Every structure is written in C-alpha cells, then in structure tokens.
Amino acid sequence: MRKGDIGVVVEHLPAPDGTNDGYILEFFDAQGTTVGVLPVLESDLEFPRPNTVLTFRELEKMA
11 MRKGDIGVVV EHLPAPDGTN DGYILEFFDA QGTTVGVLPV LESDLEFPRP NTVLTFRELE
71 KMA
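When we follow the working numbering, the leftmost residue of the sequence shown carries the number 11, and every step to the right adds one.
These are calculated hints, taken from the structure and not from any lab test.
Since the model is a prediction, treat every value here as computed from it, not as a measurement.
We put the beta carbon where it would ideally sit given N, CA and C, even for glycine.
Among the hints, erroneous ones may be present.
[Said to hold, decoys possible] FRET-style restraints, in silico, Cβ to Cβ: (1) 63 <-> 29: 16 to 26 angstroms; (2) 65 <-> 27: 33 to 43 angstroms; (3) 27 <-> 67: 15 to 25 angstroms; (4) 67 <-> 28: 27 to 37 angstroms; (5) 28 <-> 64: 31 to 41 angstroms; (6) 65 <-> 28: 28 to 38 angstroms; (7) 22 <-> 62: 19 to 29 angstroms; (8) 26 <-> 65: 33 to 43 angstroms.
Kindly produce the complete structure, drawing on both the sequences and the hints.
Written out as structure tokens, the structure is:
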C-alpha cells in the first residue's frame, strides 16, 4: 500500500497514554477482495477533503 490509498478502519487501538492512537486498516481492490491489512498511527491518517477526486491504480504484482 502507498500514500493516498483508501482503507477502511477495522479496529481502533487507543494509546495507553493518550498520545497517538493506532488503527488497523483494511484495503480492497475494485472487486472487494482484501489486498492488505496494515496498522497505522492516527498521525499517519489523512482524510479526504471536499475538493478531492478519487482515482484508481493497478496493483503491482508481488515478487
């Protein structure tokens, strides 16, 4: 996965000290098949803004 890919939050992981929560995100292809599940920090998330356009890209083949 790379910056700009759109994922779905499947779990919220509150930080014990309340500083930077974590999330488990699931990513899908255009057919709805899961292509990745990744943990990320809240500070790494970016939410779509009203003036953005969604695009698609072809997944690179895994070696």
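Structure-based check of each hint:
{"no.": "1", "hint": "63 <-> 29: 16 to 26 angstroms", "in the structure": "violated (33 angstroms)"}
{"no.": "2", "hint": "65 <-> 27: 33 to 43 angstroms", "in the structure": "holds (37 angstroms)"}
{"no.": "3", "hint": "27 <-> 67: 15 to 25 angstroms", "in the structure": "violated (37 angstroms)"}
{"no.": "4", "hint": "67 <-> 28: 27 to 37 angstroms", "in the structure": "holds (36 angstroms)"}
{"no.": "5", "hint": "28 <-> 64: 31 to 41 angstroms", "in the structure": "holds (32 angstroms)"}
{"no.": "6", "hint": "65 <-> 28: 28 to 38 angstroms", "in the structure": "holds (35 angstroms)"}
{"no.": "7", "hint": "22 <-> 62: 19 to 29 angstroms", "in the structure": "holds (24 angstroms)"}
{"no.": "8", "hint": "26 <-> 65: 33 to 43 angstroms", "in the structure": "holds (37 angstroms)"}
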